[in-house]
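Peer 1: Here is what each chain is made of, one letter per residue.
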Amino acid sequence: MKAAPFEHHEPSTTDEAVSLLESLERPTILAGGQSLVPMLRFRLARPETVIDINGIDALDYLREEAGFLRIGALARHADVADADVIAESYGSFADTAPLVADPQIRNRGTVVGSITQADPKGDWGSVLLAHEGAVVAQGPDGERVIPADEFFLLPYDTTLEESELVTEVRVPTPDAREGSAYHKLKRKTGDYAMAGVATRLVFDEDGRIETAGIGMTAVDITNARARDAEDRLEGERPSSALFEEAGELAAEESNPESDEHGDASYKERMIDVLTQRALGDAAERAGVVKRTVSP
Amino acid sequence: MTDERELTLTVNGTERMIEVEPRRLLVHALRENLDLTGTHIGCDTGNCGACTVLVDGEPIKSCLAFAVQADGSEILTVEGMEELPAAAGELHPLQEGFHEEHGLQCGYCTPGMIIAGKALLDENPDPDEDEIREAISGNLCRCTGYQNIVRSIEYAADELESRAAADGGTPIDSTNSSSLGATGSEGKSIDCGLENCCGGPGVGSGDHDDGGSS
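As you go down the protein sequences, you meet chains A and B in turn.
Residue numbers for the first sequence follow my numbering, so the first one is 1 and each next one is one higher.
Residue numbers for the second sequence follow my numbering, so the first one is 1 and each next one is one higher.
Bound conformation, chain B alone:
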């Protein structure tokens, strides 16, 4: 009954093999078998979303799935964000957004928020505020009141868009994206012609139009 099962999970691009009991939750497999403690356990009931990860591209709560159910799947945890092409070897724009826009206070919910934001932007690169609030509605935050989290995700959407525009409208790759964006809303240096693409609502309109570096 307590026989362990051998599983293969591709976590953040790396294939990992683990042996777990069938009752092992995915979140425990990630944290304890694979030592990836970025994925948090908040509520133990499936309400808080701190344990959100992407399984085959879809956001799920890893405390509501058994690890055996993820056998053969591709999983993205918050630790994998910096390794994505959009991070260009530094922080991913979502991580940068949470830094720039003060999207975290205690930070406990942040990994789940970032993953929920990633799932949203993968589907919808230009979400409005309602769509962002809907996307993070399964993630509780007890510190921020959500406003700065929404701004953080807006920041990331703008940042990803401006990088894509700078790259000729094609998805960026890791070799040529570092010249833009990493400096945030103050460091934009192009006029891409799109509303709100260069730093969002906080940026003065004159900055956008001058086309030069500030």
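Next up, chain A with everything else stripped away, as it sits in the complex:
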């Protein structure tokens, strides 16, 4: 099926894009388009105008700067998979990038677009939550930094204003004693997650967990944090018994729905297992402990 007719605009600066967003009737932003184009084709989305931001070269970046890993709106999944800085310091990002869809889609689809799409089955939202990251939006009144915890509202719905363009997502650069990971269960390459868990652990000098972040994929109406599990971890020394408890708490906090891929109790059990695995990897990558048990 073909998309309904639309007006097509190709701004070359962020300011131009924002003023188009403000002035045009029912616009939508096209970046990677790997979710948007099928939605247009099936007429699940029927905007009057499409603002194609691919010509805004200033949004094509992935770099560490001023205490953050900053991923611009035009950085593709493949760019994350290929970046040296990711391979060196950002375990969860390195885990996630090759698990998104398939190679062709990773060449086009963007991290920022995936997060802004706010599909609860999207992987990057969980990573952003686990890292206590933020979404940077440019609007008519300037720039706004939205903490990840305040970004997701409902499936495909965020706290973004209609005339705001997401220019970047960012997470804090890792501490010396920090590790992160992402584990995902999917039936085959290209699928969205049946369940996924992103973890981030920051340890203090005594080897206790100072900060724990856990983001869950596909088991609630949005990407969700497992706060009880995080609270249980903080202040403790890592151990397989502790991670088992955290896994159980995360499973209790999840709210999966039964579908053709599995029933809710199965997905809850998977959250338990994936949480333990991802915590194990995060701890190991933080260099504090060696993982001893693999559930």
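Some hints here could point you the wrong way.
Unchecked claim - Anything over 12 Å on all C-beta distances counts as not near chain B; from chain A, calculated:
(1) Ala3
(2) Glu22
(3) Glu234
Unchecked claim - Derived, one-sided and incomplete: chain A residues facing chain B with beta-carbon distance under 10 Å:
(4) Leu30
(5) Pro38
(6) Val50
(7) Arg70
(8) Pro103
(9) Ile146
(10) Asp149
(11) Gly190
If you are wondering where the hints come from, they were derived from the structure by calculation, not from laboratory data.
Note that CB positions come from ideal geometry on N, CA and C, so glycine has one too.
Given the coordinates of chain A, assemble chain B onto it according to the supplied hints.
Peer 2: Using the frame of chain A, we list chain B on its own:
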């Protein structure tokens, strides 16, 4: 709203100008405006990969991009494979591999598989089986079970390597490559000293060592 846009696409080395609506998908522009029907439409949802083409060297699904987004780009479709230097005026080793190793049954997915294979071998001339399976993981085939497709791409990798070796280790050009390779695994005539370079796993080891034509 339905204003047409004029685009310039360099498709398989030839500059083409077309006029399309902004909502025209790249795959439709290729098939219908340019009459290049080798690029297939399989699923309409971005899952099957039959519409895979290279845009500026990168494999993408042409049913998930608008043609206007490719304005000014270089595109390679399956029709362009025979025109590449490695084809030496005949079939490209990837096409030959799909023939030799029975990499196709109904053939519908084949153009996408060949383009995905081309993208892989451009990046990684000596992929292992896992890397091949990963490279074609965005391409569905409902006939073959993939095993022969993997072998076809392995065949092409071996063939390209042996031609390069025969050419003194430099990339082959179209003038001197026809003496080797086009006859496939049975026709190798050199001992290049490299494991698996002369026809892959199916070739007996004695063949490799004798150094003469068989």
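Peer 1: Hint by hint, say whether it matches the structure.
Peer 2: Results of checking the hints against the structure:
1. Non-interface status of Ala3 (chain A) relative to chain B is broken: a Cβ of that chain comes within 12 Å, the nearest being about 4 Å off.
2. Separation of Glu22 (chain A) from chain B is adequate, the least Cβ-Cβ distance of about 20 Å exceeding the 12 Å criterion.
3. The non-interface label for Glu234 (chain A) is consistent with chain B: the shortest C-beta to C-beta separation is roughly 37 Å, beyond 12 Å.
4. This hint holds: Leu30 (chain A) has a C-beta 8 Å from the nearest C-beta of chain B, less than the 10 Å allowed.
5. The restraint placing Pro38 (chain A) at the interface with chain B holds, with a minimum CB-CB distance near 6 Å, inside the 10 Å limit.
6. A hinted interface residue such as Val50 (chain A) counts as satisfied when its beta carbon comes closer than 10 Å to some beta carbon of chain B; here the least separation is about 7 Å, so the hint holds.
7. A distance limit of 10 Å between C-beta atoms decides the matter here; for Arg70 (chain A) the minimum to chain B is near 23 Å, and the interface restraint is violated.
8. Taking 10 Å as the C-beta cut-off, the interface hint given for Pro103 (chain A) holds, the closest approach to chain B being about 5 Å.
9. Against a cut-off of 10 Å between C-beta atoms, the interface hint on Ile146 (chain A) is violated, since the closest Cβ of chain B lies about 28 Å away.
10. The restraint placing Asp149 (chain A) at the interface with chain B is violated, with a minimum CB-CB distance near 31 Å, outside the 10 Å limit.
11. The closest approach between the C-beta of Gly190 (chain A) and any C-beta of chain B is roughly 6 Å, which is under the 10 Å cut-off, so the hint is satisfied.
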